[in-house]
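> Go ahead and model the full structure; you've got the sequences and the hints to work with.
Number of protein chains: 2
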Amino acid sequence: MQQPYNVYEDRCPTRQVLDRLADKWALLILDRLQGAPVRFNQLRRDIQGISQKVLSQTLKKLERDGLLSRSVFATVPVTVEYALTDLGQSLIQTVSTFAHWAEQHMDAVLLAQVKYDEGAASTSGA
Amino acid sequence: MQQPYNVYEDRCPTRQVLDRLADKWALLILDRLQGAPVRFNQLRRDIQGISQKVLSQTLKKLERDGLLSRSVFATVPVTVEYALTDLGQSLIQTVSTFAHWAEQHMDAVLLAQVKYDEGAASTSGA
Numbered sequence: 018m019q020q021p022y023n024v025y026e027d028r029c030p031t032r033q034v035l036d037r038l039a040d041k042w043a044l045l046i047l048d049r050l051q052g053a054p055v056r057f058n059q060l061r062r063d064i065q066g067i068s069q070k071v072l073s074q075t076l077k078k079l080e081r082d083g084l085l086s087r088s089v090f091a092t093v094p095v096t097v098e099y100a101l102t103d104l105g106q107s108l109i110q111t112v113s114t115f116a117h118w119a120e121q122h123m124d125a126v127l128l129a130q131v132k133y134d135e136g137a138a139s140t141s142g143a
Numbered sequence: 018m019q020q021p022y023n024v025y026e027d028r029c030p031t032r033q034v035l036d037r038l039a040d041k042w043a044l045l046i047l048d049r050l051q052g053a054p055v056r057f058n059q060l061r062r063d064i065q066g067i068s069q070k071v072l073s074q075t076l077k078k079l080e081r082d083g084l085l086s087r088s089v090f091a092t093v094p095v096t097v098e099y100a101l102t103d104l105g106q107s108l109i110q111t112v113s114t115f116a117h118w119a120e121q122h123m124d125a126v127l128l129a130q131v132k133y134d135e136g137a138a139s140t141s142g143a
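Chains as they are written, first to last, in our numbering: chain R, 18 to 143; chain D, 18 to 143.
Derived by calculation from the structure, the hints in this document are not laboratory data.
Careful, some of the hints might be misleading.
Same chains, same names: a pair is fine if it fits in one copy or spans any two.
[Stated by the list, open to error] Below, a list of computed lysine-lysine pairs in the BS3-like style, where the Cα atoms sit at most 30 angstroms apart:
#1 K132 <-> K78
#2 K77 <-> K132
#3 K70 <-> K132
Right, here's the structure in full:
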């Protein structure tokens, strides 16, 4: 019997996958790997504000879930490179659209925030 | 001069939007609103494991960012209904694909996890 997965069920394993992927650092890492492999230090430089520890932990989670692969080259010092797997490729277009959505819609979001805050202020002042 | 938004910059306001949207509860709420408005209590029932407090807080954040609207009907008891706005509609296809991705790829993810854990075990045993 085929196992039916349903992300709305809290005990379904897909819920844990969604929990790990629905993370700004995971999304930015995957997005940055689109197109070509990237070294650890380059990821750290490009994704501003990420700490070495969080980058390392997030890469491990994404590797364990099969979305990216890690390659070590015996240079001095050692070079560590990350790349999307086929599984990662199957999600990358969606990840990229999601990660960059706010860049295209930031003005509309800011306008909504102003309206919301005005409404909250007039309600509390009534 | 037009403001260039860049989600890779940690001080860009798009980074905070991504941080709020890249959340499993936010994604499941938006996905559940696809197609038609839904009442608060229905959302709570359908999204298993979400607490009333987290649902309420996440709905407020999504409303403030302009992705959904809240309507109150003077029934007894009062009915509160949530619906996607046009801004929310602009992201819903991406959200839906992202939220349900694991359901289609869970077997591949589980296989990757087994391989990763075997590799970690053989490394630590060497």
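> A separate judgement is required for each hint: does it hold in the structure or not?
Outcome of the hint check:
1. K132 <-> K78: between (39 angstroms within a copy, 13 angstroms between copies)
2. K77 <-> K132: between (41 angstroms within a copy, 13 angstroms between copies)
3. K70 <-> K132: between (38 angstroms within a copy, 23 angstroms between copies)
Checked against the numbered hints above, the structure violates none of them.
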